[in-house]
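Enquirer: Residue numbers (the UniProt record's numbering), protein chains in the order written: chain A, 1 to 338; chain B, 1 to 429.
The set of hints was computed from the structure by calculation and includes no laboratory data.
Any given hint could be a false lead.
[What the hints assert, rightly or not] Lysine to aspartate or glutamate pairs mimicking DMTMM-like chemistry, simulated, CA-CA at most 20 Å apart: (1) K234/A with E122/B; (2) K234/A with D59/B; (3) K9/A with D332/A; (4) K5/A with D332/A; (5) K5/A with D325/A; (6) K234/A with D62/B; (7) K234/A with E133/B; (8) K9/A with D325/A; (9) K234/A with D332/A.
[Said to hold, decoys possible] So these bits of chain A aren't anywhere near chain B, every CB distance computed over 10 Å: (10) G4; (11) I22; (12) V53; (13) T135; (14) T188; (15) I229.
Keep in mind it's a predicted model, so treat the numbers as computed, not measured.
Note that the Cβ used here is the ideal one computed from N, Cα and C, for glycine as well.
Residue strings, one per chain:
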Amino acid sequence: MSIGKFLVKRLLQGVLVIWGVITIMFALRAVSPGDPANLIVGPAADPEIRDQVREQYGLNEPIYVQYVDYVQGMVTGDFGYSFQSSREVTTMVLERVPATLELAIAATIIAVVIAVPLGVISASRRNEPADYGATLFSLLGISTPNFWLGLMLILLFAVFLQDPMETYLGFSFPQGRRTVGFGEAVITLVTTGYAGDLLTWVRHITLPAITLGTYFTAMITRLTRSGMIDEFGKPYVTATEAKGIPYVLIRYKHVLRNTMIPIITVLGLQLGTLIGGAVITETVFNWPGLGDRLIQALNARDWPLMQGIIVFIALGFVLINIAVDALYATLDPRVTNE
Amino acid sequence: MTDTDDILRVNDLSTRFFTEQGQVNAVDELELRIERGEVFGIVGESGSGKSVTARSVIDLIDAPGEITDGEIWFDDAELAETVREDSPDAVDGSFVDLLSVSPAVRQSLRGTSFSMIFQDPESSFNPSLTVGEQLAEAVEVQRRASANPRSTKAKTDSAEYSFGNLLLSTVLPSQQFVTEESRERAIELLELVGIPDPVERAGEYPHEYSGGMLQRAMIAQALAGEPDVLIADEPTTALDVTIQAQILDLLDDLQTETGMTILLITHNLGVVARMCDRVGVMYAGEIVERGTLEDVFDDHVHPYTEGLLGSIPELEGANGQLEPIGGNVPSLLDHEMEDRCHFADRCPMAMEDCLDHPPEFDATGSEAHTVRCVLATRSYTERDALPPNYFGDEERPAGDKHAEPDRSDGEQPAERTQTTISDAGGESR
Chain A
1 MSIGKFLVKR
11 LLQGVLVIWG
21 VITIMFALRA
31 VSPGDPANLI
41 VGPAADPEIR
51 DQVREQYGLN
61 EPIYVQYVDY
71 VQGMVTGDFG
81 YSFQSSREVT
91 TMVLERVPAT
101 LELAIAATII
111 AVVIAVPLGV
121 ISASRRNEPA
131 DYGATLFSLL
141 GISTPNFWLG
151 LMLILLFAVF
161 LQDPMETYLG
171 FSFPQGRRTV
181 GFGEAVITLV
191 TTGYAGDLLT
201 WVRHITLPAI
211 TLGTYFTAMI
221 TRLTRSGMID
231 EFGKPYVTAT
241 EAKGIPYVLI
251 RYKHVLRNTM
261 IPIITVLGLQ
271 LGTLIGGAVI
281 TETVFNWPGL
291 GDRLIQALNA
301 RDWPLMQGII
311 VFIALGFVLI
321 NIAVDALYAT
331 LDPRVTNE
Chain B
1 MTDTDDILRV
11 NDLSTRFFTE
21 QGQVNAVDEL
31 ELRIERGEVF
41 GIVGESGSGK
51 SVTARSVIDL
61 IDAPGEITDG
71 EIWFDDAELA
81 ETVREDSPDA
91 VDGSFVDLLS
101 VSPAVRQSLR
111 GTSFSMIFQD
121 PESSFNPSLT
131 VGEQLAEAVE
141 VQRRASANPR
151 STKAKTDSAE
161 YSFGNLLLST
171 VLPSQQFVTE
181 ESRERAIELL
191 ELVGIPDPVE
201 RAGEYPHEYS
211 GGMLQRAMIA
221 QALAGEPDVL
231 IADEPTTALD
241 VTIQAQILDL
251 LDDLQTETGM
261 TILLITHNLG
271 VVARMCDRVG
281 VMYAGEIVER
291 GTLEDVFDDH
301 VHPYTEGLLG
311 SIPELEGANG
321 QLEPIGGNVP
331 SLLDHEMEDR
341 CHFADRCPMA
351 MEDCLDHPPE
361 FDATGSEAHT
371 VRCVLATRSY
381 TERDALPPNY
391 FGDEERPAGD
401 KHAEPDRSDG
411 EQPAERTQTT
421 ISDAGGESR
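Chain A on its own, in the form it takes in the complex (with noise of 0.2 Å):
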């Protein structure tokens, strides 16, 4: 199977997993409790302003009808009107994407570039201190709950030591609350050569970073360590080092970069949810992306902001798995054969 036809096959089983997705969040929307004109006009109006207004959202037609249009509209990218603010929801998910994503990338990068360099020493060193170290730091993120570090980060760096760090070291990381975007900082930064905007946006990011990226950090650091100690009792390792290559190169070369394939399928998935809005992370963070919309949204019982949020999660989940599979492809040649 050429990879063509592999993602072919992927991108088809991704639209089945949308519909799918779409169809349970109108299910459920369809058995909730309450109407949602209520919610539009507020309880105390008018009766008749109420049937007004379920004619306007087509409140008023046979579920299967409602259901078609509601696809139609999924379909053709109209996500419809918040019940609150009746703006666009396709607007109010689209200007909440950046920050999200924003977010969830950095806590990518830092996860990756602390927890594999930090597996290959652990599982290289096995049972010296060093493992010792690596092996009780991934235990400790994995078991402390983000919020919890989320506000000991905040009480620490933006309170405790905001003072002393602007004081001696002229910058310090606040509570979050993104005051500019990552890409309008560079368009500054490349337009006038002003780089003070990126590293406001690095100074507010940091925190609510290390607040996601920490239980990645050390679940991908377990994960390389086993991967890598597993990898080097194969019998192929053995082979390699008869042929008397230098070292280096079947560390890397060879151990490494076959422990990666499975990681970076969790990498993936990570992403995935990641994206889904880092809902605590945000909350705590005062971060203005998908998640603290979402619950903003679940809140208010906004039916179609929510629905535009949650389906935008699942095609970006979506999207990012055929990315995965496509990379994975690539990496372990056995895969598309079978």
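Dock chain B against the given chain A, drawing on the hints supplied.
Expert: Using the frame of chain A, we list chain B on its own:
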């Protein structure tokens, strides 16, 4: 085999594994002489220490294993010259003791002076690199070694490929370990071992090869370094009988062509008969009988050798039953090994003399024929025989389990060929 000089002299080699159950004496004070250009076979049951012996020679013993004692003298005048400066004690004439030189020097011999063929070709190749690339790596080792002739420390320092090189190679093709010349040579090697369409095949991955093809590729890989000594550890065990014959023919041809020395590890006496000039029968970490093919096949003294030969099925007059050797491979755990003939508990002719550990006696036949059994000096008498239940009549726990830390994924079905003695073929470290 015109020369009669030794290329390898192994003295008192002991390789032990330090496991949770205790110390395992996988190879125990082993003596071995291998002549340049010969094919020397080591035959024995699994767990007898034959694989560990081979791996000790090429320095592939991993923790918890360790070479605890002994000398491995390797005849290489050029190497002797290089090493003499740093470690004069490790040099004797043109011989170098591989266990006394620095690890870097020892490591540098892998892939150049010594190569190895493994039992299971499918698991001995990295599944995610092309066969051509993996062969090219082996070629590159040899290329770099000959570009940097051993002068003092040149071999170990300047030829080293560092992490920095590896990082750079992701952007600079010139920093890659494997060069284009090596890739071309890899294709030639594939052709040499009879792989059709070598250019295409070089770009394929191991899973696209059949087992026999892959074993040919592994032989090609081992030849890439133009080794002086080729160690073949059960090279045909994982293959079908017809493919086995092809692989043996190939090895035979290549040996005739290049004049390399082969140390052949096998449990298959048919392979020994087909390939070897001399043979050593290994049991419980020792060579119990050694000599030329005729010595071992026709003039053998040791009851264990007798037992091995008795467990070969015969095609003609195949009405008799196979005679397996009773009992199990002994435990090689240090605290369970007694200072006696290790085979005595399974030996049909065990006598009181066998309670002392026998030295190697000369036996009839060629000069090379020695045997570690008192039967070389006296004959069996009922009067001295040990009572049948002397060692306890209950069976010992399966020695195999303790014998060596097995890599269980290397397990092969045992009875695949007619001349296979009972052996799980477990690959051991």
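Enquirer: If a hint holds in the structure, say so; if it does not, say that too.
Expert: Status of each hint after checking the structure:
Our distance criterion of 20 Å between C-alpha atoms is met by K234/A and E122/B, whose separation comes to about 11 Å. A C-alpha spacing of about 17 Å is found between K234/A and D59/B, which places the hinted pair at or below 20 Å, so the restraint holds. At most 20 Å may separate the alpha-carbon atoms for a hinted pair to count; K9/A and D332/A meet this at roughly 18 Å. This hinted pair checks out: K5/A and D332/A have alpha carbons roughly 17 Å apart, not beyond 20 Å.
Note on K5/A and D325/A: the hinted pairing holds, with a Cα-Cα distance of about 12 Å set against a maximum of 20 Å. In summary, the hint linking K234/A to D62/B is supported, as the alpha carbons are separated by about 12 Å, within the 20 Å threshold. The suggested pairing of K234/A with E133/B holds, with an alpha-carbon distance near 19 Å, which does not exceed 20 Å. Proposed proximity of K9/A and D325/A is supported: the alpha carbons are some 11 Å apart, at most 20 Å.
For a cut-off of 20 Å, the pair hint linking K234/A to D332/A stands: about 16 Å separates their Cα positions. Chain B leaves G4/A outside its interface by the beta-carbon criterion, the shortest separation being 19 Å against a cut-off of 10 Å. The claim that I22/A is not at the interface with chain B holds, since no C-beta of that chain comes within 10 Å of its own (minimum 38 Å). For V53/A, the non-interface assignment is confirmed: its Cβ lies about 60 Å from the closest Cβ of chain B, beyond the 10 Å cut-off.
Distance check on T135/A: its Cβ is at least 19 Å (rounded) from any Cβ of chain B, clearing the 10 Å threshold; non-interface status holds. With a cut of 10 Å on Cβ distances, T188/A stays outside the contact zone with chain B, its closest approach being about 29 Å. Non-interface call for I229/A relative to chain B: holds, since the shortest CB-CB distance, roughly 12 Å, exceeds 10 Å.
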